[in-house]
Every structure is written in structure tokens, then in C-alpha cells.
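**Student:** Residue numbers (my numbering), protein chains in the order written: chain A, 19 to 442; chain B, 17 to 375; chain C, 6 to 310; chain D, 61 to 314.
One should not assume that every hint holds.
To be verified - Every beta carbon over 12 Å from chain B, so not counted as near; a handful from chain C, in silico:
(1) Glu17
(2) Ile50
(3) Glu123
(4) Ser146
(5) Asn202
(6) Asp230
(7) Ser288
To be verified - For lysine to aspartate or glutamate, the following EDC-like pairs were computed, each having C-alpha atoms within a straight-line distance of at most 20 Å:
(8) C:Lys307 - B:Asp312
(9) B:Lys249 - B:Asp273
(10) B:Lys249 - D:Glu69
(11) B:Lys24 - B:Asp210
(12) B:Lys281 - D:Glu69
(13) C:Lys237 - C:Asp299
It should be emphasised that the hints constitute simulated quantities derived from the structure, not laboratory data.
A quick note: this is a predicted structure, and the numbers were derived from the prediction, not measured.
Just so it is clear, CB atoms sit at the ideal spot from N, CA and C, and this is done for glycine as well.
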Amino acid sequence: MKRNLEIDIHHLARVEGHADITISVMNGRLIEARWAVVETPRFFEVMVKGMSAERVPFLTSRICGICSISHALASIRALERAMQIEVPPVAEKTRLLAMHGETLQSHALHLFFLASPDFAGTGSVLPLMQSHPDLVRAGLQLKSLGNEISEVTTGRCTHPVSLVLGGISKAPERHRLETLLSMIRERKRALDIAADFFSTLNIPDFTRETEFISLSNGSSYPSIGGNLVSSDGVKRDENDYLQMTNEYAKEGSTSKFTRLSRHSSAAGALARLNNNFALLHPSAQKTAERFGLKPVCHNPFMNNIAQLVECVHILQDAEELVQSLMEVESPEIRTPFNPKAGSATGAVEAPRGILYHHMETDEKGKVVRADCIIPTTQNNANIHLDLHALAERALSEGKTDSEIQKLCEMLVRSYDPCISCSVH
Amino acid sequence: MIYKVISKHEFRKFIDALVRSNTSFGPRRVDTDSNAEPVYQFQPVTSVEDVAFDYSVTKSSAKHFFLPFREELSRFDIRDGEWEQKINYNSDPVVVIGLRACDISALNILDDVLLNGHFPSPYYLARRKNTFVIGFDHLPMADCFCKSMNHHTVPTGFNLFCSDIGEDYYLAINSSKAFNFLKEFETREPEYEDNCRLVERRKEVSNGFKTHIDVTGLPAILDIEFDSPVWEKWGAKCLNCGTCAMVCPTCYCYSVDDSFDTDMKGASRQKRLYSCNLVDFAVVAGGHNFRPKNGDRLKYRYYHQHRGFAENANQQICVGCNRCGRACLAGINPKDVINDLRMEKESCMKCVSSSPDKR
Amino acid sequence: MHEVRFVIPRQEINREDFASSAPDFNRRSEVMNTDRGFKCSITNIVRLTGQEKLFQLRIIDPTERSLFRFKPGQFLMLELPGYGEVPISISSSNSNHEFLELCIRKAGHVTTALFTIEEGAQVAIRGPFGSSFPMDEMAGSNVLLIAGGLGIAPLRAPLFWINEHRDRFGDVNVLYGAKVPSQLLFTYQFDEWKMINHINLHTIVERAEEGWTGRTGMITDLFEDISIDMKKTWAIVCGPPVMFKVVCSHLDRLGMPMNRMFVSLERRMHCGMGKCCRCMVGSTFTCVDGPVFDYWSVMNLKEAI
Amino acid sequence: MKQKGFTFEKLKFASFDFTCCEGCQLQLANRESTLPDFLGLLDIRNFREISSERHDDYDIAFVEGSISRSDEVTRLQAIRKQAKILVAFGTCACFGGVNSLKNRFAEGQPAAEVYPGMQVESLPVRKISDVVTVDFSIPGCPVAKEEVERIVVSLVTGSLIALPKYPVCMECKARLNTCLFDLGEICLGPITRAGCDAVCTTGKTACLGCRGPAEDINMPAFLELVKERGLKEEDLREKLAFHNAFEAVAANET
Ligand SMILES: Cc1cc2nc3c(=O)[nH]c(=O)nc-3n(C[C@H](O)[C@H](O)[C@H](O)COP(=O)(O)OP(=O)(O)OC[C@H]3O[C@@H](n4cnc5c(N)ncnc54)[C@H](O)[C@@H]3O)c2cc1C
Ligand code: SF4
Ligand code: SF4
Ligand code: SF4
């Protein structure tokens, strides 16, 4: 029996942004398996032109409602490097903590609200509130902790208000740091609940070898700045982001594509983990081992688990950061600066992977050129190739139409694509 | 009232003990403004180190310890349409350090308004009773005019008032609590020389005023000048932002709103300090605004501050701290407005209307 | 270094705190209760027009019910938990100790919600608040009641009072105007007022509708219909500000002393107790000094009209 | 949710997004402490971000984002047809938001720069009310979840909803912030509608007016004070234009 199959998912649910999936099989042969980003572009790279540097992070944070802190910090880092602004250590720490908050919030949202319904076989998290109340509570606790960290460090959980050029405009308040510390300690429990739940799940066993790209600084798990490295052994300076990405556009997709040594590459939690496993906190490594997650893992579905592992790491690291911030007395938080001409790249590890902003300023400190390359753009080609391979394999295994559709949706979701980001 | 003298060193020990044992607030330096002047606010303090004894004046008054910007008046527990109203009048003890004489006068005025009228406010009373007030005298800033309002000294309304007499503080002790706490510390009876130093200090304070406003007969002038062009002139500058009322130690107007809890199992009636300068202060259902113009609303604030209302025997309630004047972005301040009004009153209307500053 | 001996003990407030100024709050000497409403059940709702409904309330607790007394002209704060509180004139007889009647117009936030509730709903009332019409002083004279639109609501209480003490008054004239006939309220009581209580009721509308045989015009036109001895008559005027301004100056011209004309003012209110300052007119509180003022005082209030 | 004398019904709710960052929709899932209660008020019929179930029988639609493509216009019109109440949700929807900064450039120029040689449609950015009738607006970039909760509760209970009419300074003062003008910066607080609890100025950055003008603002006086303080007009212009929220006011002034 020769199979025919048309899967056409318009505006895939439970992802951030608008994307379609198309799978088409004729006479048992896979004709097409692709995902298409149909998000409306907004042209941030053009919008920032002529804007004063100090205002830019407030604009670029609006690229994305989920990883606004990453975008703000990528711009800030690019501009600070372009104008040679030194940042006080307290501000550095606060920013790092802010990144942790965002990643935790984003991972929790993805794991518990977007991905877990797939594994539980429901359409959304709402039925899970009844069937798995503990899990949902744990998810809410982790997500709210992430938000709280962002709020304490940047003034608000979406679109940060106190991340500014030269440092931060307001130091985290002491009493809020105190509450935060006890929250972090208490919510480690929620992670155990989550790990127990995920360990009962059947993670599809699917691998397709690819190249993983992330930041790396050799001394700590990557977050803000560092070298650009790949699992295929490429290593470059932050400013050489163009050679690392080779961005190109294709008709029909408002999100662009990147490549390095192979046809495609991947960024994100799994890439970070694959490239920096040794720098994870020991307890995070233990969690990874529990799921048999070792570098270099080529199963895209394991990105979910990599996110969980990162959450464990983040809680440990955040605890130390909060403690050290509490020890600071009347801190210097912001360096005044004079605008000048320059250009540089700022790379940060956003929750979904490495994010580049490149900024060029004139002598008045106005932006004259900007370029942003987003994690989902870097995963774009990889998702295409994975989809194709996955569909092919599922066909050969004789999976039903709905099983195939579900697998494909799950695959795209595993990348936790951030589409409004990718079409900026 | 009992008077004592305490060395500044010993006094710090006393404050330290007090703030470590109670929820406390005191003046703290929060910023440096663009003129390199320090900015102070009443903020939580946990040790004597936190208290800026040398502070000039706080941007915002201490009013919100007694009249919070937002306060729950009652709760309704709702079940199946039946509800139960719960009211909590009680409040926790707090120590507030560093009020100025005019700030304490403001509290005395609020006492008058909120406790001596037809319907005393239990919410205010609870906070007033549970707040341990420590006052400090200070040398006036260039724009303070509390002397004109006769509020540069204050006889009552505090637990403890400290006058700076050099090495020591001259303490006026006005509560048994303060007296008992101070027993644990080294104080002495004021001697002749201390009294002299106190008188000198008072003179110094009193002579330090550079801003004077003639407020005699102001209530009557305000009545007569109800339709004065002065209101329109200053009203045109007013931003309707409510800043003046928020920082003022005596502005107490408010708004009430009810809201259901998100779980619909309860509702809350909350009060929020309001300002008569806000556009909808006097708007009624259907949209009619009894004070549609900026000038009307600004006038009303001066009316309340300087003419006074029936409940406090038509006394002026402004104490002359000039916080509103300092905070107003549009540069509206009592001195200029009142002087303008006097001009208006004391000279011929016609010529003033065409005078240079009338534009 | 937290030391117990320096801890300031918490102080509760109690009734004695207010002893020096025993507040007159509906004979409840306990000031602590001015923020607590009497819980009422809505016992009946009558739709009067498209915009107005008459609500009948019964205070649930018998003790509270027996304590509640008011004077014609006073108002209360009606609370709908979760929605808010609104000042509403009491529109029923003050000798009716079983029920209260409130005539309410759908105007905004709270009143709209009131229009969706059904009989049996629980609301709360605080009060009564404010000044009242000097019914005792009026006794022995003629009375002229003039209402425009919803102004009939606060007029009902004095009218009930007059009807219940009809022998104490001379001529009673009611002049009542509305925009259109369908907006006239309490038409079902007109006959009772006229026949039983010997009230001279004159109605007028600005614009006639089908079936209307009465007069059309402005409320002041009705003065042509009546002849009253201005020296022996008291007047109560309720309605929108423009209306009572016109009416009162008309009465003034006809020779009625200003201190015998009474009006009820309306302002935004939140507390009813002279604290929120929202109802200030000049430097007078509508809620405690008013809402009932004689016209002389109103003339002297800045920005009253 | 039947109560004595009251009937409350869950809102048949749908949420849609157009040209935006989805930050406002994300707020719907924030404030985790009351999230289950909040979701309990909604009968979610269509909300792509969190659920793959889709039904088209909603009564109330929250619409996020601005309009910048012709397919968006069609989609929005279909939503308007179905929804009894259409809520413009967030600054992009209410005013066009930061997306409008693109409108400074010639039509087609941004697309040509970013996607050289490709056909990418991008119309000048419009706010929702430029395309369809809006019943209610919830401004904010992002919206303040607390305010959203209050508004949703009042939609359920049928009490009329209203945004504060006064400016951000009121809330800023209640948080005892140092005024940014005292620190030598231009802040749009005095002319911007409150309701965000002055979150930006509390974080010591100037208000950029994401919530749009407060009621009856005194723009001439505001411009005057910026000038009097010798602050940079260029900075002021950049701030006023940031969220496109003062477009209407500015048009009136000139
Ligand atoms: C002494 C007095 C007696 C009144 N008697 C009646 C009456 O018998 N029948 C009747 O239908 N109406 C009466 N009103 C008017 C009634 O109070 C308003 O229509 C009502 O407050 C509107 O509230 P809302 O919440 O529906 O309107 P919104 O416009 O949503 O008002 C919000 C809030 O503002 C305040 N407010 C708004 N308008 C007024 C107003 N006109 N007066 C006082 N506060 C206001 C209230 O606190 C209200 O809750 C009276 C008003 C006063 C002052
Ligand atoms: S000077 Fe201004 S702030 Fe101070 S008391 Fe008078 S009115 Fe209030
Ligand atoms: S910082 Fe901005 S919002 Fe705050 S008071 Fe100053 S002008 Fe107003
Ligand atoms: S302070 Fe201004 S920019 Fe910030 S959220 Fe509020 S209105 Fe928006």
C-alpha cells in the first residue's frame, strides 16, 4: 500500500510566534517536509538607525517578549565595546543574575506550559492543572522565581527598565535580595519534582548529527560574551560573528538562515551543554547523567532535558550571585561615558541560544548600522533538515498520520523556537 | 513635658537600640541630584548608621506613615453572594526618626482634621498611636517658610524632640515610652548653660529664615479673589500631576475604589491618596466636571491649604515646608502664588492685568 | 541586638479614644463602626423608567434595623461589595422602619452594576449622612416642592412626611418637570397624592410624546398656574444645578426669602464623612454640611452653581 | 459562578497577536501566584500561544500588536466580526508602539535593506483602531498584569472598567522615587497615563510614555518646562516618538 499524506499546520500552537509546518507524502515518498516562518518582520535593524545609543537597549529589548533581557544586554554589550565603556563589577554580576532569571523563566515556560502537554497528550497545560497539579505548581514556582529574579535585577520581568549603558541604573534592593535567596533555596524542591516527572517520559529516540555552536569562556558556563565555538572545533573571536553565522535569506521565509561547517548548525541549551559540559555545576551534571545526557548528544528532543539541566545549574549559580551581591556595600553601579564612534559585536547566550547584536556608532553616539542574528535563525536550517529526517524515519517505521504530525510538532517545539525574535 | 540633655554619642546608642528593636524609618540619602545636592527620603533604617542626622529635608513628607498612599479600608469575604465585611483598624508599631518641627505641626493639624471632626478616623488614629515620633530641629533651607505659618517650632505631637545644641541634644520628652527608654542611657538635667545654648539655637533657627510670606488675612483674600486672573495664570502652568499633594505633609484628600479579588472569593475596598489637581477630582457620573479648568483645581488646593475648611475651624493647614514648591516641575510654589494674589488684592485689578508679568 | 526592653508595644484603639468627641452617627456612639455598613437585603426592585429603578431594602439584622433612623433629605452610602459605594438620597418615609426605598438612576460604574442584580442580593448601607430639610420649622406654612427629573427622589421623603402630617401644613404645591412624559417618575402615586393627600400637583414636560395632554414648557412656566403667598411659603427645590438656579432666582424675584428656599446639592463623594474632600464646594462639605442647604448659603458658597 | 442576586459567567476568551513581540500575551501567563484563579475566569476558546485547541465562538478578543501586512488586515476584520468586545491589548495595538519607528523611513526601504532582492511585504505600521473599531484599550509595553487582572475581573463581574486618568507622577511619588528631572533627565511621567505603578522611574529610567497620554494633559506647560531646564529637545523628541503614543497630541500642538 502506497501512502499519501498531507500535513499542513497553519500557525503552530504553543510556540512563540507564527510558523507553519508542511509535510507531504505521495505514493509513500516524502516530497516535502518543512517549516516556514510567516511572522511579520519589524525591521529593528533599520529602526535603531539614528537613535542615541543609550536608548537602543530599550528598543531592542522589544524584539522579543520572552528574551528581552538578552536582547537588551546584547545591544548594551555591543555598544559598550564599541565605545569602550568599562562596567562596574556589581553591574556585571547583576546582569548575569538577570540573564539567569530570564533563562529560568523561559525554560520553565517552555518545559511546563509549551512542551509538557505534548508528553501528557493534552492540547494545553490547562487539563494538566487537574491531572498533574504538583507538576504545574512546580512549573509555576520555577517560572515565578525566574520572573522574580528578573524583577529584582532589572525592575520588571519583561522589557527590563534598569539595564543601561555603563552598568545598571538601580542596584537590586537588599530586602528583595534577601527574599530572593530564600526563594531560590526553597524552590530547588520544584526542580526535583520536575526531574521526576520528566524521567518518566518517553523522549523520542532520534538523532541526526549536526554542529553545535555556543559561547565559551573556559572558566564558567557561558552567558554574556566570550569566544564563539562549535562542536566541530571552530573557535573565533566575538567580533568575528559573521564568519560564524554566514547568514543568508531565502524566498518564502522572513526568518533568515545560517551555516558554518555543515549544511546546518544548532544553538540553544543542548549546544551550550554539549560545548561546556564540564563547566556545569556538579548537581546539574548529575541531573544530566540521570537522563543519560552526555556530550555530544545529537538528539534534538534532548534539548528539553538540557533546559532542565540548565535550570539546576542556574539555581545553584544564582544562589551564589545573590549572596555575593548582598555582601556589596554602597556599590558603584554605573560608569558615565562620552559618546564616540566605534563598532563591535555583543554576543550573549539567550535562553534559546547564542544571540549576536552588532552595532556601529558615530561620534555623537548615534547608531549608524546594526545587525542582529538570532538563535532561531541559527536553528532554522537545522529544523528543516531534522524535520525531513524525522518524517522519513517515521514513515519507514509505519507510524500513523496523527503520530507523524505530533512527532513533527514536538520536534519543532523542542527547539523552543522564538519566532518573533527571529523575524526582528 | 520633661527636658533632658544627652550627648550626641550617647544619643546614637539610644537610636541604635531603638531602631534595632522596632520597624523604623529615618532620613536616608537616596540620591545626588544634578546640582550635586543630596536627596533625602524617609526610608527603612536598621541601625544608627543608616540615619542621616545631618539631612536637610526629605523630598516627600512623613505623611504616608499615617495616611498610606494606598490602604485597605475593608475586606469582604464573599460566598454564594453572602458576604462578611472585615475591618482591621489596628496597625503595627513603627519608629519614625527625623521629623522637622513643621512635619510634626502637620501631624497636629491632621489630628485636628481627622480625629476631632464629626467622624474621627480610626485608621489614622491606629497609626498615630502606634508611631513613635522623634523630631529634630534644623536650620531652615533658603525656601522654607514655616516661620511665616508659625510652625517653625512645635510644642506637642511628638514622643521626643531633639534640639541640636552643639555637642549635645536638648531633649523634649513627651511620652512615658520615650522617658522609660531613655532611662537606660546617660542623660542629665538641663543646666543654665544648656538652656542658654537652647535659646541661642532657637534664635539661630528663627533668624535663619530667608523666605517670608505674608499670610495675614489670607482666608479673606482667598474668598475675595475667587475669580482672580492669578488662578488662570498659574493654572496654565499646572501639569495636573498631583505631585504637590503627594509630597505635602497635610494634603489628605482621597479616592476609594472597590475591587473583586481574582479568585472572586473576596473583595476589597481601598483608599488611595488623591490630589485636587487631578483632572477627575470633581467629576461626577455622566461626566460633568465641577472643576474643568487647571486654574479651578489649583485654586482649590490653595483654598484648602490657606483658607482651611470647616472641620478645622477654617485654619490654614499649610505648614510652610515648601515641599510642594520644590517638587513642582512647573515651578508653582506657595510664595509666588500668594504674593501674586496679594498684589492682585492690594493693587488695582486693571493695572495688574496689564502688568509685565501677566503676559 | 534586638532588645525586648526597647520594643514599642502595639496599641489597640478603643472607644475611649473617641470619648472626647462622641460622634453623632445615627445614635451609634461607637465610632469604630462608621466604616461598617448595615447589611441589607434587596427585597423588591421596580423598574420606573428605562433609566431609573426603585430599590426596596431591608436591613437584615433586627437590632440594626430598629436603630436606623433618618430625617427627610438625608442620604446614605450604598455599598455593593466589589463594585463600590455611592451616595443615594433616601426616598422613602422616615416613619417606615421596615423598609428603605432608593430611587436610582443608571449613571456609571456602581449604578450600572445595581441594575444587573436581582432581588435577594445583599448590599450594605452606611449612614444616614448629611443635613435634612427643616420639616418642623416648615410646619404651619405653605410648602412648595419643585423637582426636575431625578430630583423627585430626594423630594419623596419630605413629601411622605408632609402627607403623614398633612394637617400641620397649609397649601402644598408640587411642581414636577421632566424632559419627556416617559421620564416622569412615580406617576402611579400621582392620584394618591392629589386625591388623598390634597396636594396640588403640576407637571410639565419639555417635549410632549404621544398621548400627553398636559403642559409642555420649562418648569418655571408652572408658576403661571399657581398663586402662592411667598411670605408664608417654604420651598424645596431639587434637580440639576441649572434648574435650581433658574427656579430659585425666579422665587427670589417673586419675593420668597432666600433662607426659606432649600436645595439639595450633588457632588462626587467617597466617604460621606467629611474626610475624602471630594464633595467640597468652596470650603463646605456637601456630605456633612449638606447636601441640604438653604439658598442663602448656596449663594454664598463659591463655585456652588 | 452563580451568586445570590448575581450571575457571573466565564469570558469566552480569545487572544490574537499581530506585528509585535508577544510580550503582552506573555504577561497573561505571569503573576503566577494568581494565575490559576485568573485562568479560572476565562473559557479559553482560542489562544495559540498556550493551547493547540482552537474554536471560533469567542465573545471577547484580546488583540496584541500593530498592523503591517495585508493578510493581517483580513485576519483582524474576521476577529472584529466575531468578537462582541475587541480589546486593543498593549502599546503596539493601542498606539502602534515601537514598530512605528519604521514609519520614519520611506515605504519599502527597510525591507529592501534587510531582505535585499527579496519580495517582503511591509505596510506602514498602523494601530488596531486605524483598521477596526476598538471597544477598550489596555496600554502598556508590556501591559501591567495586575491591571489586566483587574480589568478581566471587571469584565466578568460587569462593572465598568476605567484606566487611571492621572499621570505617572502620582504613582512615582507614592514610591518615593527621586524625580528624574532632578537628576537632569527628561521623563514623560507628567504627561503619561498612570497604571503601571511607575515601574520605569522606580528602576531609575525615564518614562517613555508607553501608556499614552493621560487625560487632558498640559502639553504646552510640559514642553515649556523641558525648555526652561535646558534639556535637549532632541532627547525629548526621541522619547515622545518612542512608542508613537503622543502622535495625536503632537499633531494638535503644531
Ligand atoms: C447627596 C447625594 C444624593 C444622591 N441621591 C441620588 C439618588 O437618590 N438617586 C440617584 O440615582 N443618584 C443619586 N445621587 C447621585 C449618585 O450618587 C451618582 O449617580 C452615583 O454616585 C454614580 O455612581 P457610579 O458609580 O454609578 O458612577 P461613576 O461615574 O462610575 O462614579 C464612580 C464613583 O464616583 C463617585 N461619584 C460619581 N458621580 C457621583 C455623584 N453624582 N455624586 C456623588 N458621587 C459620585 C462615586 O463614589 C462613584 O462610586 C446622589 C448624589 C449625592 C451626592
Ligand atoms: S508648603 Fe506645600 S507641601 Fe508644605 S505644607 Fe504647605 S502646601 Fe503642603
Ligand atoms: S520621575 Fe518622572 S514620573 Fe516620577 S515624578 Fe519625576 S517626572 Fe514624574
Ligand atoms: S513608566 Fe512610562 S514607559 Fe514605563 S511602563 Fe509606565 S508608562 Fe510605560
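**Student:** Does each hint fit the structure? Answer for all of them.
**Tutor:** For each hint, the structure was consulted:
Chain B draws Glu17 of chain C into its interface by the beta-carbon criterion, the shortest separation being 6 Å against a cut-off of 12 Å. Every beta carbon of chain B lies more than 12 Å from that of Ile50 of chain C, the smallest distance being close to 15 Å; the non-interface claim holds. A beta-carbon of chain B comes within 12 Å of the beta-carbon of Glu123 of chain C; the shortest separation is about 10 Å. A cut-off of 12 Å between C-beta atoms confirms that Ser146 of chain C is not in contact with chain B; the least separation is 29 Å.
Distance check on Asn202 of chain C: its Cβ is at least 32 Å (rounded) from any Cβ of chain B, clearing the 12 Å threshold; non-interface status holds. Every beta carbon of chain B lies more than 12 Å from that of Asp230 of chain C, the smallest distance being close to 31 Å; the non-interface claim holds. Residue-level check failed: Ser288 of chain C sits 5 Å from the nearest beta carbon of chain B, not beyond 12 Å. Simply put, Lys307 of chain C and Asp312 of chain B have alpha-carbon atoms about 11 Å apart, close enough for the 20 Å limit, and the pair holds.
Straight-line distance between C-alpha atoms of Lys249 of chain B and Asp273 of chain B comes to about 34 Å, which puts the hinted pair past the 20 Å bound. With a C-alpha separation of about 52 Å, the suggested pair Lys249 of chain B and Glu69 of chain D falls outside the 20 Å cut-off, and the hint is violated. For the suggested pair Lys24 of chain B and Asp210 of chain B, the alpha carbons sit about 14 Å apart, so the restraint of at most 20 Å is met. Between Lys281 of chain B and Glu69 of chain D, the direct Cα distance comes to roughly 15 Å. Compliance with the 20 Å bound is thereby established for this hinted pair.
The suggested pairing of Lys237 of chain C with Asp299 of chain C holds, with an alpha-carbon distance near 16 Å, which does not exceed 20 Å.
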